[in-house]
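Heads up: the sequence lines are chains A and B, in that order. Everything in the first sequence is counted per the working numbering, starting at 1 for the first residue and increasing by one. Everything in the second sequence is counted per the working numbering, starting at 1 for the first residue and increasing by one.
Worth double-checking, as some hints may not be accurate.
No copy labels: a pair is met if it fits in one copy or bridges any two.
Stated by the list, open to error - DSSO-like mimics (lysine-lysine), calculated; alpha carbons at most 27 Å apart, straight line:
id: 1; residue 1: K218; residue 2: K203
id: 2; residue 1: K141; residue 2: K117
id: 3; residue 1: K143; residue 2: K92
id: 4; residue 1: K175; residue 2: K110
id: 5; residue 1: K175; residue 2: K117
id: 6; residue 1: K114; residue 2: K173
id: 7; residue 1: K98; residue 2: K110
id: 8; residue 1: K56; residue 2: K68
id: 9; residue 1: K68; residue 2: K31
By construction, these hints were calculated from the structure, which means they are not laboratory data.
2 protein chains.
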Amino acid sequence: MLTTSEENYLKTIYNLSESGKKQVSTNSISKFLKTKPSSVTDMIKKLSAKKLLYHKKYKGTNISSNGKKLAIQIIRKHRLWEVFLFEKLNFKWDEVHKIAEELEHITNEKLIEKLDKYLKYPKIDPHGDPIPNKNGEINIKPKIKLSNLLINNNCIVSNVNDDDGNLLEYLNKIKIHIGSKIKVFDIIEYDKSIEIEIDSKNKVFISNRVAENILVTKIN
Amino acid sequence: MLTTSEENYLKTIYNLSESGKKQVSTNSISKFLKTKPSSVTDMIKKLSAKKLLYHKKYKGTNISSNGKKLAIQIIRKHRLWEVFLFEKLNFKWDEVHKIAEELEHITNEKLIEKLDKYLKYPKIDPHGDPIPNKNGEINIKPKIKLSNLLINNNCIVSNVNDDDGNLLEYLNKIKIHIGSKIKVFDIIEYDKSIEIEIDSKNKVFISNRVAENILVTKIN
DNA sequence: TAAATAATTTAGATAAAGCTAAAAATATTT
DNA sequence: AAATATTTTTAGCTTTATCTAAATTATTTA
Ligand SMILES: [Mn+2]
Ligand SMILES: [Mn+2]
Ligand SMILES: [Mn+2]
Ligand SMILES: [Mn+2]
Numbered sequence: 001m002l003t004t005s006e007e008n009y010l011k012t013i014y015n016l017s018e019s020g021k022k023q024v025s026t027n028s029i030s031k032f033l034k035t036k037p038s039s040v041t042d043m044i045k046k047l048s049a050k051k052l053l054y055h056k057k058y059k060g061t062n063i064s065s066n067g068k069k070l071a072i073q074i075i076r077k078h079r080l081w082e083v084f085l086f087e088k089l090n091f092k093w094d095e096v097h098k099i100a101e102e103l104e105h106i107t108n109e110k111l112i113e114k115l116d117k118y119l120k121y122p123k124i125d126p127h128g129d130p131i132p133n134k135n136g137e138i139n140i141k142p143k144i145k146l147s148n149l150l151i152n153n154n155c156i157v158s159n160v161n162d163d164d165g166n167l168l169e170y171l172n173k174i175k176i177h178i179g180s181k182i183k184v185f186d187i188i189e190y191d192k193s194i195e196i197e198i199d200s201k202n203k204v205f206i207s208n209r210v211a212e213n214i215l216v217t218k219i220n
Numbered sequence: 001m002l003t004t005s006e007e008n009y010l011k012t013i014y015n016l017s018e019s020g021k022k023q024v025s026t027n028s029i030s031k032f033l034k035t036k037p038s039s040v041t042d043m044i045k046k047l048s049a050k051k052l053l054y055h056k057k058y059k060g061t062n063i064s065s066n067g068k069k070l071a072i073q074i075i076r077k078h079r080l081w082e083v084f085l086f087e088k089l090n091f092k093w094d095e096v097h098k099i100a101e102e103l104e105h106i107t108n109e110k111l112i113e114k115l116d117k118y119l120k121y122p123k124i125d126p127h128g129d130p131i132p133n134k135n136g137e138i139n140i141k142p143k144i145k146l147s148n149l150l151i152n153n154n155c156i157v158s159n160v161n162d163d164d165g166n167l168l169e170y171l172n173k174i175k176i177h178i179g180s181k182i183k184v185f186d187i188i189e190y191d192k193s194i195e196i197e198i199d200s201k202n203k204v205f206i207s208n209r210v211a212e213n214i215l216v217t218k219i220n
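Could you build all of it, start to finish, from the sequences and the hints given here?
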């Protein structure tokens, strides 16, 4: 059994190693979790001793297959709770992450199975992220950055960086959410900002930075 | 903001002081929480410093009005989660307490309000205990021990000691649950065991000890 | 490539929540 | 009213998860 803190580290290291190189740096973990690098080093030692990570001093960390399994189950819980909060309690999709960050640490096999059933075995969470099944299998569909589309491309928003509350709030305001249909109208050469049409209604300009943090699946 | 441990102590002290004398002993807390008396003394100091308890060395502890308010809100959360687990996730009524013991510590005003609404503002939990409202008001109805009834009395089971897993399991087996209608058929003088009829169906004998731990409201 | 800079680890400290063993206060028996 | 037993507190220790400051290793730059 892992402590809440161990679980948070493990999940972070899993996420960082999925979204980039396999070797995760101490600083990147520290930055994400807002703890000091020395604290990260301590925790890496603990998790390595439990064979959930491999670590080479001064070089970097990568997750073991046992660590991966555990991390995926935490992510499963996190995303199922997000669905519950969003669909049943009617939270907005930018409010669910923080609460799920706590709920994910409640350990009770039966609880999560019953929750899954109650929610009718959802496949994606409110941010468009896939929900691993009981066996840890994840159904991943190819996603690209909205910033990579060309003029007249159409797409469905499938994912948004949910670690930044400000971004989520902004997208809420301009009515972009998971499942929104977006058409690229124009791309401004000067600053790479783009003009888009959301759900065949409002047209807005968004900065390149924003477009970089919205992942979509192309539909033509 | 209180830690999980502080919350558990505060709730325990509130419960002990409700069900008995106002002065709660260090040993009784220790017994209930399965920690050592010395650990209890430490925590009493911490909570006293926060003005949630009053404590006189070697004499005893009682809860302050601030402490009471906080304790009641924790109990509110506990019981609402129990309703969720029982009604929505279909847990048995003897399984919900343990899980709610963890869920009650998730602190988010909006979460508990939305949960309350979602559950349609329930008045009692699956063990028959009243659920305090947002303002901490509790609607308490008079309850008596099943062991205090006389022959031919009828009653509704309203409450069962939910701290003892074994008792709950046993009652589940003989199909006694909150809301069950019970008629006292016979009282055995020798050991005060009683013969009861449950929901106008099965007749069973239960020991005096069991009857002492079932609270009911008389219906005639 | 040597110096400067950045990243990482180590050493040592702190706070929370528990523990054991011993001391002190209170309660109960002879 | 002593003696004995029980309850409670104190003193000191442990583990977990943080931190700061200093040391070490790796990387970048001049
Ligand atoms: Mn978390
Ligand atoms: Mn999510
Ligand atoms: Mn609890
Ligand atoms: Mn209950």
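Now the hints, each set against the structure:
1. Taking the shortest Cα distances, K218 and K203 sit within 27 Å of each other inside one copy (19 Å), while across copies they are farther apart (67 Å).
2. Proximity of K141 and K117 under a CA criterion of 27 Å is satisfied intra-copy only: 23 Å inside one chain copy versus 36 Å between copies.
3. For the homomeric pair K143 and K92, the shortest alpha-carbon distance inside one copy (23 Å) is at most 27 Å, but the shortest distance between copies (42 Å) is not.
4. When the C-alpha separation of K175 and K110 is checked against a cutoff of 27 Å, the pair qualifies only between copies, where the shortest distance is 22 Å, while the shortest distance within a copy is 37 Å.
5. In this homomeric assembly, K175 and K117 come within 27 Å of each other (Cα to Cα) only across copies, at 26 Å, whereas the closest approach inside a single copy is 30 Å.
6. Taking identical chains as interchangeable, the C-alpha atoms of K114 and K173 lie at most 27 Å apart only when they sit on different chains, with a minimum of 22 Å there against 34 Å within one chain.
7. Taking the shortest Cα distances, K98 and K110 sit within 27 Å of each other both inside one copy (23 Å) and across copies (12 Å).
8. Taking the shortest alpha-carbon separations for K56 and K68, only the intra-copy value of 18 Å comes in at or below 27 Å, while the best inter-copy value is 52 Å.
9. For a Cα distance limit of 27 Å, the shortest separation of K68 from K31 inside one copy, 21 Å, qualifies, whereas the shortest one across copies, 40 Å, does not.
Checked against the numbered hints given earlier, the structure satisfies every one of them.
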